[in-house]
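Chains as they are written, first to last, in numbering that gives the first Met the number 0: chain Y, 0 to 566; chain A, 0 to 765; chain U, 0 to 99; chain V, 0 to 529.
Worth flagging that the hints you see were computed from the coordinates, not collected in a lab.
Certain hints may be false.
Claimed, not checked - In silico DSSO-like links for lysine-lysine, alpha-carbon gap of 27 angstroms or less: (1) A:Lys700 / A:Lys543; (2) U:Lys25 / U:Lys98; (3) V:Lys24 / Y:Lys246; (4) Y:Lys525 / Y:Lys146; (5) V:Lys24 / V:Lys118; (6) A:Lys217 / A:Lys62; (7) A:Lys722 / A:Lys700; (8) A:Lys558 / A:Lys64; (9) Y:Lys146 / V:Lys24; (10) V:Lys373 / A:Lys217; (11) A:Lys62 / A:Lys558; (12) Y:Lys525 / Y:Lys428; (13) V:Lys373 / Y:Lys525; (14) V:Lys373 / V:Lys24; (15) V:Lys373 / Y:Lys428.
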Amino acid sequence: MISLGQLALDSDTAFTLLPELVMLSGLLAIILIPNLGDASFRIPLTNLRVPILIGGSRFEATNDPRMPNRIATLAFSVAFAASLLMIDSSSEEVGGMLRSDAFSRLFSAMFIGALLLVSAASTHRIPAKQNARAPTDHDSEATASRKISILMDNRRQVDFYILLIMVGLGMSLMAMSTNLFMLVVCIELASLSTYVLVAFHKEEDVGGEAGAKYFIVGSAASAVGIYGMSLLYLWSGDLALESLATKWAEMEGIDPFAAFGVGLMMVAFGFKVSAAPFHLAAPDAYSGASSPISGLLATASKAMGFVALFRVLVMITVPDYGEQAPWFLMLAIIAVITMSWGNLAALTSENPKRMLAYSSVAHAGYMLAAISVIGSGLAGEEGTRLILIAITFHLAVLVLFKMGAFLVLSLLETDGSGHRMEDLHGLGKREPLIAGSMFLFMLSLAGVPPLSGFLSKLLMVNGIVSSSAGTGNSSATDVYSWMDTVDPVFWLAAAIVVNSALSLFYYLRLSLVMFFEEPASSSRLKSASSLRMAIMACAILTVLCGIGPVSEWLVSLVSTSIDSLVG
Amino acid sequence: MGENKSETGLLVYIIPFLAIVPLMQNQGWESSDSAILIVAVPFVTFPVILVAGQLYNGHETWKDKLKEGGILALGALGTSLMAAVWLVYDYFDELPDFGDQHSIVQWLEWVSFDLLQSDYTLTSSKNILGVGVWVDSITLMLLFVATFLCFLICWFSLGYMNTDPINEDRNHRFYGEFVLFALGMFGMVLADNFLWLFIFWEIMGLCSYLLIGFYYWKESAAYAAKKAFLTTRVGDVFLMVGLFILYDIYGSLEFSVIFHDPSLHGTVDSTQLFWALLMMFIGAVGKSAQFPLHVWLPDAMEGPTPVSALIHAATMVNAGLYLVARMVPFVDVGHHGVPGLEDLGLIVAYVGGITAFMAAAIAFVQNDIKKVLAYSTMSQLAYIFTGLGSALWFYNNDEHHAAVVVFGASMFHLFNHAMAKGMLFMASGSVIHEVHHAHDHMHHGKDGEHGHDFDPQDMRNMGGLASKMPVTATAMMFGSMSIIGIPLIGGFWSKEGIIAETWLAALEHEPLMIGPAILVLLTAGMTGFYMSRMWFMTFAGEPKNEVVNHVHEETPWIKEPLIILTVITAFGGFAFALLGATDYLSSAYDYSGHLHLKKSTLLDSIIYKLEYAFLPENQNLRVIGWITILLSFIAGPIFAARVHGGELSAGESASPAVSWLVSLSGKFGSQDVTSLSESDLAEALENRLYFDDIYEGVLAKTVVPFAAFTAWFDRNVIDGVIKQIESNSVSGSLQVRALTTGSARDYILMTAVGMLSIIVLVWGIS
Amino acid sequence: MIDPSWIAGLGAILFGVGLIGAFSRKNAIVVLMCIEVMLNGANLNFVAGTMYWGGSDGWVFTTIAIAITAAEVAIGLAIFLSLYSTQETISLDEANILKN
Amino acid sequence: MINDPLSVITLVPIAVGIALLILPKMVDSAEGLARASRAISMGVSLAMLAITTMIFLGEIGNIDWTDYGSGYSLTNDSFLLIPSIGVSWKVGIDALSFPMVWLTTLLIPISMLVEWDAKRGHIFHPLILIMEGALIGVFVSLDMFVFYVFWELTLVPMFFLIMVWGGEDRRYASLKFFIYTFTASVIMLIGILVMYLYTPDVASSGTITGHTFDLGVMVSSASGIPSEGLRHLVWIMLLIGFATKMPSVPVHTWLPDAHVQAPTAGSMLLAGVMLKMGAYGFLRIAVTALPESTMVFIPLLIFLGMVSLVYGAWVCMGQTNLKRMVAYSSVSHMGLIFLGIATMQPLGIAGALFMMFAHGIISPLLFAVAGAFKHHYHTLEIGSMRGIAHHSPWLAGHMMLGWMASLGLPLLAGFVAEVTILIAFWMTFGWLVMLPALTLIITAVYYLTSMQRTIFESDDPHQGILPESLHGEDPSDITWHENAGMLILGALTALFGILPFIFWDMMSDWSSGFMLEYLTQAMESEGVNP
C-alpha cells in the first residue's frame with residue numbers, strides 16, 4: 000500500500016489532476032484577489048511605505064464584488080473542459096489512492112458541469128451589489144450600516160464560491176478514489192461544503208433550518224457509513240477497493256462484518272442519493288436552499304452518491320452470474336419504496352422546489368432499481384455494463400434537465416418568488432421561452448420522448464427487461480405460467496411504469512399552471528443573462544441528448560467510461 | 000305571387016336539360032350508355048340546387064325564374080325521364096333472354112377484394128362489388144313509373160310548393176332533396192345487384208327522412224321523420240344481414256350470377272337461404288310499411304304533399320315490393336330454384352294480408368285526407384305483398400302458371416297503384432292547398448286567429464268541393480275507382496288477379512293460405528268504403544265549413560299532372576291490362592317459355608283477358624271474382640254513400656264528369672253512425688290499434704333508461720376507476736407527505752429504522 | 000494487551016449509544032455530540048482493526064476521522080447559530096417550518 | 000424531384016413549427032414572423048399535401064400501390080441516429096401507411112382552415128404544424144424507437160391545444176389525456192423492449208446493447224421470443240398501448256374528456272388521425288410481429304371490438320353533450336376496426352383499413368360541426384336549443400351530412416367500411432353479426448335524436464329556440480372558413496363513398512398480401528378457420 004505521503008507533484012501528476020488543480024488555483028485566486036490592493040506597509044521606524052499586494056483599499060478591478068463569481072465560473076469552465084478532454088486519455092494512478100480514468104473523468108465532468116451551471120446561475124441569484132464603499136466618518140449611522148451590510152454581503156460572495164469550489168474538489172477527487180477511506184473523506188469534504196451552502200441562504204428564514212436539518216441527518220448518516228466502513232476494515236484490513244473486491248470474491252459464504260459493513264455504508268450513500276427512508280431531510284433542504292444549490296444537491300450530489308454505490312456495490316460486491324448479492328433484496332425494496340414515495344409525495348406538493356425534490360427522490364428510486372438488477376445476479380457482465388451505462392447516462396442528463404428546472408426556479412427567485420406553485424402561474428405568458436424550457440425539463444423528467452430523460456429511462460428499463468425477461472419458463476404457453484416463472488426483477492420494470500405514470504401527473508401539473516393560469520403580474524422577470532443562457536443551454540442539450548448525434552456521443556462517452564470501470 | 004298567370008313560359012329554362020339526351024343520341028350513344036344519365040344528371044343537379052339555393056336565397060332570378068331550383072329539378076328529372084323512355088323503348092320488345100341475361104352495362108367497380116378460402120389460399124380472382132344496369136320487364140316498368148311520376152310530381156310541386164308562403168326561401172331544399180330522392184329511386188331500379196339496390200334504397204330512406212322533416216320546426220314533423228328513418232332502419236339492418244348471408248352463399252350479389260343458378264347445382268342449404276330471404280323480407284317490410292313496421296307511414300304525411308305523393312305512395316314504398324319480386328328466382332323450382340321455401344311465401348302473404356286488413360280498418364276512422372290515403376297506401380301495398388307471397392308459394396311448388404299470373408298481377412297492381420296513388424295525393428294536395436289558401440284569404444289581416452285552429456287537411460272542414468274543384472274532383476274520383484277496383488278501371492285488373500290467385504292457393508293447394516285470402520277479400524270491400532268515404536266527405540254533400548265557399552282551383556302547375564294521370568288511371572290501366580301487361584311483367588321470370596298466355600291476335604288477347612277476369616273457367620275463381628266485385632264495387636261505396644254522401648248545396652253544380660256520382664251519393668239515404676264511431680273499436684282504430692303507443696312505451700321504458708344507465712356506468716364505474724385511482728393517489732400523497740414531519744429527530748429516527756431494516760434484511764440473507 | 004475484539008465491542012456499544020441518542024434527543028447540540036460518539040465508535044473499530052491486521056492505515060484513518068469530526072462540529076455549530084438567529088431555537092422538533 | 004420526400008414531410012413541418020414558435024420570442028426583428036405564422040403554417044401544410052398527393056399520383060416515386068410485394072416505397076438511406084442502441088432514421092411507406100399519411104396532410108390544412116381565426120393564432124397554427132410532422136412520423140418511420148418518439152411527440156402539441164384553447168374543464172382533460180395515453184404507451188414500450196431484446200445480435204455494427212430497433216428486424220425476429228407465454232404477454236402489452244389510443248372499451252375514458260374540451264382543430268386531428276395511430280400500430284407491429292398470439296387472442300379482439308361498438312353506442316345514446324356523444328361514437332366505430340381485423344379475411348382487414356380512412360374524414364367533420372355549435376351557440380348541450388336550422392342553415396346541412404355519414408349511410412365513406420367489415424364478419428362468425436348490425440340502429444337513434452333536438456323542432460317557422468348561453472344575442476351562421484373546411488370534408492366523404500376504390504384498391508391488395516405473408520401460416524398452425 001502506498002501511503003498518502005508519497006504523493007509527489009511532478010508534471011505528469013499535475014496534468015492528471017489538471018481539473019482539480021485548476022479549481023484549486025481558482026480557490027486561491029478567490030481568496031487572494033479581492034485582497035489585492037494599493038495598501039502599503041510602513042517600515043517601522045521610518046516613513047518609508049512599501050506597497051504590498053494584500054490589504055488596503057481596492058483597485059477598481061479587484062474591488063468588483065462579482066470577481067469571485069467570475070473566477071469560479073472561469074475555473075469551472077476550464078476544469079470542465081479539461082475533464083471532458085481527459086475522458087479519452089488513458090488511466091493514471093495518482094498516489095495510490097486516486098485514479099484518473101474515463102469513469103472518474105466523466106463524473107468529474109458531470110460534477111464540474113453542474114457546478115458551472117450553479118456558478119453561472121448564482122451571478123444573479125446571489126447578486127453582488129455594485130459600488131460597495133467603506134463607510135467614511137461623514138456618513139450617518141444608517142448610511143454606514145447600510146454600507147457595511149453591502150460590504151458584508153459582498154464578502155459572502157467570496158465564501159459562497161469558495162464553498163462551491165470545495166464541493167467541486169471533493170466530488171472530483173471522490174470520483175477518482177480507489178480507496179474506500181479516501182472516497183468517504185472526499186464525500187465528507189463535499190458534503191460539509193454543501194451543508195453550509197444549503198444554510199448559506201441566510202436572508203430567508205428557512206435557510207438555517209434547512210441547513211441544520213440537512214446537516215444533522217447527513218452527519219448521522221455518514222457516521223453510520225463511517226462505522227460501516229470501519230467494520231469493513233475490521234473484516235479485510237485494507238480499504239483499497241481492489242483488495243476489498245478480491246477479498247469479497249474469496250469469501251466463503253457471507254461474513255457478517257462484511258455484510259453489515261456494506262449495509263451500513265448503504266445508509267450513508269442512501270442519504271446522498273436520497274433513497275427512502277434516508278431522504279426525509281432532502282425535501283426540506285431543497286426547499287430551504289437557494290435553487291441553484293438545490294439543483295446541485297439533486298444532480299451532482301446525487302451522482303456522487305451513485306459513484307459511491309458503484310464503487311461499493313458493483314466494484315466490491317458484484318455477484319457472479321446467477322448468484323444473488325446479499326444486498327439485492329434490500330436494494331430492490333428500497334428502490335420501489337423510494338420511487339413510490341417520491342412520486343406520491345410530489346403529487347400534491349404545492350412548492351415547486353419541494354416537488355422537484357421529491358421527483359429527485361423518485362429518480363433515485365429508478366436508478367436504485369436498475370442497480371438492484373445487478374445484484375440479482377441475472378444481469379451478467381454485459382447486463383451489468385448496460386445498466387451502469389444507463390444509470391450513468393441518466394445521471395449525466397439529469398444535470399441538464401433537473402438542474403435546468405432548478406435554474407428556472409432560481410430565475411423566479413431573483414424576483415423573490417418561486418416557492419409556491421402560484422409563482423409559476425402564467426409564466427408562459429410572461430416568459431414564453433423560459434416556460435417552454437421548463438416544460439421541456441418537466442417532460443424530460445417524466446421521460447417523454449424524444450428528450451434525454453426518455454432515452455435514459457429507456458436504457459434503464461431496457462437493462463431491467465433484458466436481464467430478466469429471459470428468466471421466464473421458455474416452454475410456458477400462456478401468460479400466467481410465464482408470469483409465474485419469471486424472476487420478480489421483471490416487475491421492477493412494471494414498478495417504473497406505474498411510477499412514470501404517477502409522476503407525469505405532477506410534472507404536467509407544473510407545466511399546466513405555467514400555461515393555463517393567468518399570471519399575477521405581467522411583468523417580465525429580471526434579465527439575468529447568464530442564468531437565461533444557462534437555462535437555454537440546458538434546454539437545448541436536453542433535446543439534443545435525447546436523439547441524434549449528440550446523444551450518441553454522450554452514450555458512447557458513457558459507455559467508454561463504464562468500460563474503464565468494469566473492464 | 001303571380002298565381003293567376005300561367006308560368007309555363009318558365010319551361011324554356013329546362014330546354015338545355017332536355018337537349019342532353021337527343022344530343023347524346025346524335026353522338027352515337029346507345030340507350031344503355033345513356034342510362035347513366037338517368038342517375039348522373041340528378042346527381043349533379045341536386046348539390047347545385049342545394050348550394051345555389053343557399054347562396055342565392057331570396058334572389059329575384061332564383062325565386063321567380065328558377066322557382067327556387069324547381070325548374071332545375073324539373074329539367075334534371077326531364078332528362079332522366081327522356082333517357083328512361085329511350086331505354087324502355089329500346090329494350091321493351093327485346094328483353095334479353097333470361098338464361099344468359101346479364102347487366103347491359105357496367106358502371107363502376109366499386110370495391111374489389113380477395114377472400115381467404117378454407118385451404119388458406121386466396122380466391123383466384125378478385126371479387127368485385129360493383130354496379131351496372133339490369134334490364135328486365137319489371138325494371139322497365141318501375142323505371143318508367145319512377146321517372147314519369149317524379150317528373151309529374153316535380154311539375155306539380157312548382158305550383159304547390161312555390162305558392163305557399165311558408166315555403167318561401169326553403170324550396171331549394173325541397174327540390175334538392177327531391178332530386179336526390181329521384182336519383183336514389185332510379186338507381187335502385189336500375190341496379191344490377193342486391194348491394195347497390197340496398198345502397199340506393201338507403202339513399203331514398205335518407206331523402207324520405209329529409210323530406211318528411213321538411214317543416215323541421217314542427218315537432219310532429221321532426222318526430223315523424225325520425226320515426227320513419229328509424230323504423231325503416233330496423234328493416235334495413237336485417238336486409239343488410241340478409242345480403243351478407245346471400246353473399247356468403249353465392250360469393251356475389253349480382254343478379255346475373257345469382258339468378259343464373261340460385262341453387263348452385265342443388266348445393267344450397269335451403270335453411271340458410273330461407274333466413275337470408277327472410278331477413279331481406281324484413282327489410283322490405285320496413286320500407287313498404289307493412290305490419291309490424293308500418294307505424295312510420297301515417298306519420299310520414301307530415302311532409303309536404305308532393306312528397307307524400309311521390310315517396311310515400313308512388314315510388315319509394317314500392318322498393319320493398321321490388322325487393323320481394325327479386326326473390327322469385329330463388330324459389331322458382333322450375334328454374335334452378337331452391338325447394339323448401341314455401342314458408343317464405345306464406346309469411347309474405349300473411350304479412351300482406353294482416354297489413355291490408357288492419358290498414359283498411361284504421362282508414363275507416365281517419366278524418367285527415369292524407370292519412371286516409373296513407374292507410375290506403377299501406378293496404379294496397381299489402382295487397383301486392385299478398386300477391387307476391389302467393390307467387391312465391393306457387394313458384395316454390397312448381398305451380399308455374401298460377402305463379403306467373405299472380406306475379407304479373409302483383410306487378411301490374413304496383414303500376415296501377417303508383418299511378419293512381421300518385422295522382423290521389425296530388426289531388427289531395429290540390430284540395431289542401433286551395434282550402435288552405437282560401438282560409439288564408441278569408442282571414443287575411445286577422446292575425447289573432449291565423450290558422451291555428453284550422454286544419455286544411457281535415458275532411459270535416461270540407462264537403463261539397465265537387466263544384467269548386469272540378470279537375471281535382473274528377474281526378475280523385477278516377478283514382479279512387481282504380482284503388483277500389485271498380486271493374487274495367489286500372490286497379491281492377493290487378494287486384495282481381497291477386498285475390499283470385501290467393502284464394503286459388505288457399506282452396507286448392509295450401510290451407511294455410513286461407514288467412515291472407517280471407518283478409519284480402521274483406522279488405523276489398525273495406526277499400527270500397529273508405530275510398531268512397533273520402534271522396535264523399537270531400538266533394539259531395541254540403542260544405543261543412545264556410546271556407547269551402549272561397550275555394551278556387553287557381554294555382555298554376557297543378558292541373559296538368561292531374562289531368563295526365565287521370566287519363567292514365569282511367570284508361571291506361573284498362574288498356575295495358577287488355578294488352579297483356581300482366582303477362583309482360585311476369586315475363587321477367589318467365590324464361591322457360593312454356594307459357595303462352597299471349598294470344599295470337601290483339602282481339603283474342605282482349606277477349607281472353609275479359610273472360611279471364613269475369614268468367615274464369617275455374618269455378619272457385621269465378622265465385623271469388625264476383626264476390627270481390629260485389630264487395631268492393633257495391634257494398635263498400637254504398638255504405639259510404641249512406642254515411643257521408645249527399646247533394647251539393649243549392650246553386651252549386653259539379654262538372655259533368657262527377658256530377659252523376661254526387662247525385663248518386665245522395666240516393667242511398669243516410670245512416671247515423673255516431674254510436675259506432677264512439678265505440679271502443681273506433682277509438683282503438685283512431686289510436687292506430689295502439690301500435691305506436693306500445694312501441695313507444697316499450698322503448699321509453701327500456702332503451703332510454705338503459706342508455707342512461709350505460710352513460711352513468713361509463714362515467715361512474717369505468718371512468719370511476721380512473722377517478723378512484725386519482726383520488727387515492729392524492730390521499731396517498733397527503734399521507735406520505737405527512738410522514739415528512741419537519742422534525743430532524745424523526746428523520747434521524749427513520750434513518751436508524753432504515754439502517755436496522757437493512758441489517759435485518761442482510762442478516763436474513765446471510 | 001487488550002484483545003481487539005473488546006475494543007471493537009466497545010466501538011459497537013458507543014455506536015449504538017450514539018445512535019439512540021441521536022434520534023432520542025431534540026437539542027441539536029446534543030444530537031451532534033451523539034453523532035460524535037457514533038464516529039468514535041468507528042474510530043475504535045479502526046484502532047482495533049489496526050491492532051488486528053497490523054500496519055498503520057488504521058491510525059491514519061482514525062486521525063483523519065477525528066479531523067472530519069472536528070470539521071463537522073465547527074460547521075455544525077455555525078449552522079445551528081444561523082438557525083438560532085432566525086428561529087431562536089435549536090430544538091430539532093421546533094424548527095419545522097419546512098415540512099410535508 | 001425530392002430525394003427523400005418522406006423525411007421532408009415529417010421534419011419540415013416540425014422544424015417550421017418550432018421556428019415559428021421560438022424565433023419571434025428570441026429575435027426581436029422576427030416579430031413579423033408572428034404575424035405571418037398563420038399564413039406560413041397554412042402554406043407549409045398545403046405544400047405537404049401537394050407532396051403526398053404527388054406521391055399518390057406517382058409523380059414522386061412512381062409507386063405501384065397495388066403491388067404488395069414491393070414492400071416499402073420511398074425508403075431513404077437509413078441514417079444512424081443513436082448507433083449505440085441501434086436507432087436509425089429510416090422511413091418508408093406502403094399501402095397501409097400511405098392513406099394515413101395522406102389523410103394527415105389533408106386534415107392539417109383543413110383543421111387550420113376551420114380554426115383560421117383562432118385566438119393566439121401565431122401559436123395555434125404552428126402547433127398544428129408540429130402535430131402534422133409528429134403524426135406523419137408515426138406512420139412513416141421504420142424504426143421502432145423513432146416510431147415511439149413520434150408516437151409520444153404527438154401528445155405534446157395536442158396537450159397544448161387542449162390546455163390553452165380548450166373548454167372550461169380543459170385542465171383536467173389535458174392532464175387526463177396525456178397521462179392516460181402516456182401510461183398505456185409506456186406499457187407498450189416494455190413490450191417493445193422485450194421484442195428489442197430478441198432481435199438478432201448485431202454487436203458488430205457498433206451497438207452497446209447488441210440489438211437494433213429496426214422495425215423490420217424487430218417484427219421478423221419477434222417470433223424468436225422463446226416462450227409462448229412471453230410472446231402473448233408482449234402482444235398484450237402492445238395491445239394495451241394501441242387499444243388505449245384507438246380507444247377501445249374499457250380504456251377509452253380519456254377520449255370523451257379530451258374531445259369535449261379540445262378546440263375544434265384539436266378534436267378533428269385527435270379523432271381524425273390520432274385514433275388511427277392505434278389501429279395502425281396494432282396492425283403494423285402487434286399483428287405482424289406476433290401472428291400466432293393474434294390468432295390466440297382473436298376472441299379477445301372480438302370481445303373488445305364488440306363491447307366498444309355496442310357499449311359505445313349505448314353510451315352515446317345516454318349523452319347530453321353533443322361533442323361527448325360524437326366522441327363516444329368514435330369509440331363505437333373504432334370497435335369495428337377490431338372486428339374487421341378479427342375476421343382474418345382480407346376483406347375484413349381491408350374494411351378495417353378503410354374504416355380508419357373513412358372515419359378519418361367523417362369524424363373531423365363531426366367535430367367541426369360540434370365545434371361550430373360551441374363557437375356560435377356557446378353550448379354543446381343537446382336540447383338546450385331547437386330549430387337552429389333556421390339560423391344556421393349551413394351548419395345544419397353539414398351536421399346532417401356528417402351525422403348521416405357517421406351512421407353509415409351508403410354512398411358516404413363510412414358505409415363502405417361498415418359493409419365490407421360486416422360481410423367478412425358474417426363469413427367468419429355467422430350470426431354474431433347481429434350484434435354489430437343491430438348496433439347500427441342504435442347509432443341511428445342517437446344521431447337522429449341529437450339532430451331532432453338541436454336543428455329541428457322549434458315550433459316556429461321563423462325562429463329557433465336559442466340556448467341561454469347566447470344571452471339573447473343573435474347567433475351567426477358559420478364563418479366562411481368553417482364552412483369551407485366542412486364543405487371540403489363533406490365532399491370528400493361523398494367522394495370516397497362513391498369512389499372508394501381510390502384508396503380501397505391499395506388497401507385490399509395490401510390486406511391480401513399481408514395475410515398471405517404473415518397470417519395464413521399462423522392461422523393454420525393455430526387452427527383458425529377462415
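Comparing the hints with the structure gives:
Restraint check for Lys700 of chain A and Lys543 of chain A: not satisfied, since their Cα atoms lie roughly 43 angstroms apart, outside the 27 angstroms limit. Straight-line distance between C-alpha atoms of Lys25 of chain U and Lys98 of chain U comes to about 17 angstroms, which keeps the hinted pair within the 27 angstroms bound. The straight-line distance between the Cα atoms of Lys24 of chain V and Lys246 of chain Y is roughly 61 angstroms, outside the 27 angstroms bound, and the hint therefore fails. A hinted pair counts as satisfied when its Cα atoms are at most 27 angstroms apart, and Lys525 of chain Y with Lys146 of chain Y qualifies at roughly 24 angstroms.
Between Lys24 of chain V and Lys118 of chain V the alpha-carbon distance is near 18 angstroms, which keeps this suggested pair within the 27 angstroms criterion. The suggested pairing of Lys217 of chain A with Lys62 of chain A holds, with an alpha-carbon distance near 24 angstroms, which does not exceed 27 angstroms. Only pairs whose Cα atoms come within 27 angstroms are accepted, and Lys722 of chain A paired with Lys700 of chain A is rejected, the gap being roughly 31 angstroms. Between Lys558 of chain A and Lys64 of chain A the alpha-carbon distance is near 20 angstroms, which keeps this suggested pair within the 27 angstroms criterion.
Using a Cα cut-off of 27 angstroms, the hinted pair Lys146 of chain Y and Lys24 of chain V is violated, with the two alpha carbons roughly 40 angstroms apart. Only pairs whose Cα atoms come within 27 angstroms are accepted, and Lys373 of chain V paired with Lys217 of chain A is accepted, the gap being roughly 24 angstroms. Pair hint Lys62 of chain A plus Lys558 of chain A holds up; C-alpha atoms about 22 angstroms apart against a cutoff of 27 angstroms. For the given pair, Lys525 of chain Y sits about 15 angstroms from Lys428 of chain Y by alpha-carbon distance, which is consistent with the 27 angstroms threshold.
Pair hint Lys373 of chain V plus Lys525 of chain Y does not hold up; C-alpha atoms about 40 angstroms apart against a cutoff of 27 angstroms. Between Lys373 of chain V and Lys24 of chain V the CA atoms are separated by roughly 32 angstroms; this puts the pair beyond 27 angstroms, and the hint is violated. Of the pairs offered as hints, the one joining Lys373 of chain V and Lys428 of chain Y holds, with about 26 angstroms between alpha carbons and a cut-off of 27 angstroms not exceeded.
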